[in-house]
Amino acid sequence: MKPENFVIPTLPQRAPATRLIGGLLLALAAGLLFALGLVLSGMAQPAKVIGFLNLAGLAQGEFPGAWDPSLAFVMGGAVMVTLLAFRITPANPRQPQHRPWFSSRFEWPQQERIDAALLQGAVIFGVGWGLAGYCPGPALATLLVGGRDVWLFVPAMLAGMWLARHTTR
Amino acid sequence: MHPYLSAALGGILIGLASWLLLAGLGRIAGISGITCSALRESGWHAYWRWAFLLGLILGGALFAQWLPVPTQPARAPLLIVAAGLLVGFGSVRGSGCTSGHGVCGLGRRSLRSLVAVLTFMASAFVTVFLTGGLQ
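Chains as they are written, first to last, in our numbering: chain A, 1 to 169; chain B, 1001 to 1135.
Hints are computed from structural coordinates only; laboratory data are not their basis. All the pointers check out, no bait thrown in.
Chain A is faced by these chain B residues, among others (derived, beta-carbon under 10 Å):
id, residue
1, L1020
2, L1021
3, L1056
4, L1079
5, A1082
6, L1086
7, G1088
8, G1090
9, R1093
10, L1106
11, V1115
12, M1121
Now the in silico label distances, taken between C-beta atoms and shown as ranges:
id, chain 1, residue 1, chain 2, residue 2, range
13, B, P1070, A, A116, 35 to 43 Å
14, A, Q110, B, W1044, 19 to 27 Å
15, B, L1005, A, G22, 31 to 39 Å
Cβ coordinates follow ideal geometry from the N, Cα and C atoms, glycine included.
Assemble the whole structure, with the sequences as input and the hints as a guide.
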């Protein structure tokens, strides 16, 4: 028997400890960078989010009136980068040499069907987003600094997630 | 810094963070999915998600010291709780939120994500139009 046959199958084959620690540090760094982006961009300010969603503001006064287009720049900047990322990084997922640094394979939802659950979920999500100006990322990123609104919003959001898991599909 | 410039730079950083997660762990940076799965999964599948969430929560607190997030008066508790329930429920039912469908889904040119983004944007625009933007 070759030595690699003794490796615990759930752990990566090469230097599991390095991969475990490296992977955790990378996830932490990604979270920090994501938070910096949210804070710098203004996404962490619900008033700015609602200002963007307030299309009626377009009609008020001179362009852009009471409408705040900033968040279009956030999404534009982010998608510009991810369009490049998804083109370059998983060059060919079927080729084993194209692996993530700390994982054995690229994983994302293969579901491409546009079904009723997707549309219902998106409509419901949009109503909640428009009501408070929080989506999950900004709410979590301001958990320690956002005050009472966030302390109410985040537990309610977790309860909503739990409900969706246990009442449907 | 001009607000449009800081918005674009912040967006680029969000994109880079998503790229980091993709290149390092081969995963989609979808906040609702990561949060939901962190609470459900165990072992490695929970660990990396908790590490990401820890970075997000601590990072938000850290960077808010340097780039202060303007405080705004607390709003009606019932409104905030209702909004939280809807956002949580909708993001799980619709398999993603602004990050998973928006930043990553559009980046990987998924039609399903594009439909989700257009739907929740339209829904949010209509909500703000009808409520007049509850601040």
